[in-house]
Structure formats: C-alpha cells, structure tokens
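Based on these hints, arrange chain L on the given structure of chain B.
There are 2 protein chains.
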Amino acid sequence: MEIKVMTNVLQSNDDLAKTNQRLFDQHKVFCINLMGSPGAGKTTLLENTLKLLTDKLNVAVIEGDIYTDKDAERIEATGVPVVQINTGGACHLDAGMVNKVLGKFDFNAMDLMIVENVGNLVCPVEFSVGEHQKIAVLSIIEGEDKPLKYPLIFKESTAAVLSKVDLAELCEISIENIKRDILSINPQIKIFEVASRKGQGLPEFANWLISQCPK
Amino acid sequence: MEIKVMTNVLQSNDDLAKTNQRLFDQHKVFCINLMGSPGAGKTTLLENTLKLLTDKLNVAVIEGDIYTDKDAERIEATGVPVVQINTGGACHLDAGMVNKVLGKFDFNAMDLMIVENVGNLVCPVEFSVGEHQKIAVLSIIEGEDKPLKYPLIFKESTAAVLSKVDLAELCEISIENIKRDILSINPQIKIFEVASRKGQGLPEFANWLISQCPK
Chain B
4 MEIKVMTNVL QSNDDLAKTN QRLFDQHKVF CINLMGSPGA GKTTLLENTL KLLTDKLNVA
64 VIEGDIYTDK DAERIEATGV PVVQINTGGA CHLDAGMVNK VLGKFDFNAM DLMIVENVGN
124 LVCPVEFSVG EHQKIAVLSI IEGEDKPLKY PLIFKESTAA VLSKVDLAEL CEISIENIKR
184 DILSINPQIK IFEVASRKGQ GLPEFANWLI SQCPK
Chain L
4 MEIKVMTNVL QSNDDLAKTN QRLFDQHKVF CINLMGSPGA GKTTLLENTL KLLTDKLNVA
64 VIEGDIYTDK DAERIEATGV PVVQINTGGA CHLDAGMVNK VLGKFDFNAM DLMIVENVGN
124 LVCPVEFSVG EHQKIAVLSI IEGEDKPLKY PLIFKESTAA VLSKVDLAEL CEISIENIKR
184 DILSINPQIK IFEVASRKGQ GLPEFANWLI SQCPK
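Residue numbers (the working numbering), protein chains in the order written: chain B, 4 to 218; chain L, 4 to 218.
A hint or two may mislead.
Since copy identity is lost for identical chains, a pair holds within one copy or between any two.
Only pairs whose alpha carbons sit at most 25 Å apart, straight line, appear in this in silico SDA-like list of lysine to any residue [stated by the list, open to error]:
#1 K201 - N180
#2 K152 - R77
#3 K152 - Q87
#4 K182 - D72
#5 K218 - D28
#6 K103 - V83
Worth flagging that the hints you see were computed from the coordinates, not collected in a lab. Here the structure is a predicted model, which is why all the values come from computation and not from measurement.
Bound conformation, chain B alone (with noise of 0.2 Å):
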C-alpha cells in the first residue's frame, strides 16, 4: 500500500511537472534543476555564474529551500528576479510546488530559469519541476566516494558541476578518480570543474549553459 501510494505521488508529480515544461517551452525558455548536498555550493555557484549571464541572457531564479530566504536574498542582491519557496519541511522541491510560483514571473524576458532545489543529494533527484535538464553539484571535499555511494543523482543529470576543486590538494582528494566514477556511472554526462569563489572554470559552464538555451 506505501509503495502504491509512492506510485500515485510520483505519477502526480510527473503530470505536473510536464504541465510546468509546456509552459517553459511555449516561451522557448531552458529550465535546469541544480542540486546537491547542502553545503555542495550551488548558491555561491549560482551567484557567480549569475554575473557571467546576465550581459548575455535574461535569467530568473527559483530558490528551493526548507526554511529561510537567505538564498534568495543572495540571489536576488545580483539583480536577477527570484522567488523564494520554503518546503516547510519537505526536503525536496515538487513540481506543484514550482507551478504555484510560475505566475510571478515574466516568461516573455527569459531565457534561462534556474531551480535551486534544497540541499540534499538523494531525495530531489526524484521529483522532477519540470526542468529540461538536471545539473548535480558535488563539492569535492564531500569525498572520494560519493560518486558511487549515490549513484542516481549522476544518473538522471546531464552535466555534474565538481565545486570548491582548490581544496583538492590540501583535502587529499582525487578530483580524478571522482571524474572516473561518475563517468562510469553515466558516460554521457558533461563535468565541470570550478572554484566559484575564485571565479575558475565558471565561463566554461556558463557558456555551456548558454549554449543549450534555444534562443
């Protein structure tokens, strides 16, 4: 009976979310779901790839968290329209969570909608919003072995953003053999390296980002 009643919720959900992604593709906008461990780095990411964008594409964000608006606030002191949705609890974002926010937005200026989902390596990975494409953000420093010890997230996504990489050498960790897991979990998937702070390999994934908008 649980597992039936998982069935429903995920099924409803799919419906939802493909109502969601009509919407985003009548107004030819690209929409990506980032997600991650909390502390992986997806805001910091976000809000320095966010700089590298704005001159180029009209950007809005969506910031999935449990609690509190500070990462929206972070968001939205870069200029690009945010909307913030505490979960209550909840630990992943759902598409009728995102539906209900959809109609604060202008889709006729944008290009590119980015939903930051709450910290959590596991559970999001579940329930799609809607989003063409998932992007999985691993902080190094999280350990060799994640890759392999939550194999579904490099799974579903199609590029998987390896943050806070300066820290490799002092954290003794093999960004390599991180790479080489996550391959052999999906070889088809994009992998970018950066140090968002320092601002390295974030025009690479910004014009790769740039590069997968439709207009």
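Just chain L now, with coordinates in the frame of chain B:
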C-alpha cells in the same frame, strides 16, 4: 490522504523503534544515531573515535548507506563488529531495517551501539531507529548558514559534532557563528569541535560517549 499515510508510516516506525530500544535497554546498551550530510565526515569521525573507545568499551556499529559497503569496510578495519544496511534507494534508515540486523550482534558483549545513518541532513531525523540519542555531524565548510536552514536535526539531537574545523580559516568560516545559531535552536545541545584526521577534539567526544553509557 498522503498525510494520513505518512502519519501511519511514522507511527509504525515509532512502534518498531520502541521494540529496538527495549532490546538495547535489556542489555544496558547505549545507542546513538549519527546523522549528517554526505561528506560531513561521519565515517572518518567514527574510525578515529573508535580507536579511543575500544580499550574501554565494547562497541558495535551499523552502517547505513543507499548502496555500497565502503563504509562498513572502513569500520571493519578497526576491528569493531559492523553490519552494513543498504537501503536500496531510500534516503534514511528506519527502525525496521535496523531491527532486521540486530540478531547479528552479540548484545552481551556490547556497551555502545553506533548507527551511522545515510548521508542526508533532512530525512533521517524523522525516523527513529530506537536510539537513545541523536547526534548531528556538520562539516563547518558546509557553510555558516546551515543550522538555521536545517534546524530540525539540531533541535532533535543531544550533541552536535562540528567537523573539519581545521579548514575554518582557509574557508573563511566562523565556528562561533555556527555555534551561536545551533544554540539558538537548542540551548541544551552539547557541541564538539573536531578535525578527525588529525585527532583534534576526539578525546573530548570519546569521553563524553563513555560518560553516557549506563554500564
């Protein structure tokens, strides 16, 4: 309907958690549930703390992971009895999963049972496995904002272990701000500051664990 099913799931979990705790109590075993994000340093904390415990206590470990037995292998190398639970996709351990493996341990030769949960700062908190105390592990490089963004784990835990504190200065993280926020959520919580690979702070944590054991 979804909420009602969730309530039933939690109630049924709580019932089984009580069964587990009765077994611990009958044998005067102190049980802790160690929780934190992927890469918080739970296993490294355990590996290095076990070295300080095993000449004073009989310790046993349950390792929870979605996939792989990498963590159990690391604990096994310390000589401590360990059983790996693979949740096969689930984002947390529950009382039923733990109940099924308890028969594999010799409770008469056990003072302390440490359950290391799946790497997830959100979901494991809601599912008791029968532990006497929950312990939160937070790597300080996850960011100063984490306690207020993920308050429940700190509210429900009796102790918080701040790990990787040796990276505070390099990553421009204020440990004092993190402690202040954790204490604002739970003024009674005991806070430890550790750098597990260097052994820093581990004697204090180990001595506290010993002081909590009933025999």
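Taking the hints in turn, this is what the structure says about them:
1. In the homo-oligomer, the alpha carbons of K201 and N180 lie at most 25 Å apart both inside one protomer (23 Å) and across protomers (24 Å), since each shortest distance falls under that limit.
2. Only between protomers do K152 and R77 lie at most 25 Å apart by alpha-carbon distance; the minimum there is 14 Å, versus 31 Å within a single protomer.
3. In the homo-oligomer, the alpha carbons of K152 and Q87 lie at most 25 Å apart only across protomers (13 Å), although the nearest pairing inside one protomer, at 30 Å, exceeds that limit.
4. For the homomeric pair K182 and D72, the shortest alpha-carbon distance between copies (20 Å) is at most 25 Å, but the shortest distance inside one copy (33 Å) is not.
5. When the C-alpha separation of K218 and D28 is checked against a cutoff of 25 Å, the pair qualifies only within one copy, where the shortest distance is 11 Å, while the shortest distance between copies is 65 Å.
6. For a Cα distance limit of 25 Å, the shortest separation of K103 from V83 inside one copy, 19 Å, qualifies, whereas the shortest one across copies, 51 Å, does not.
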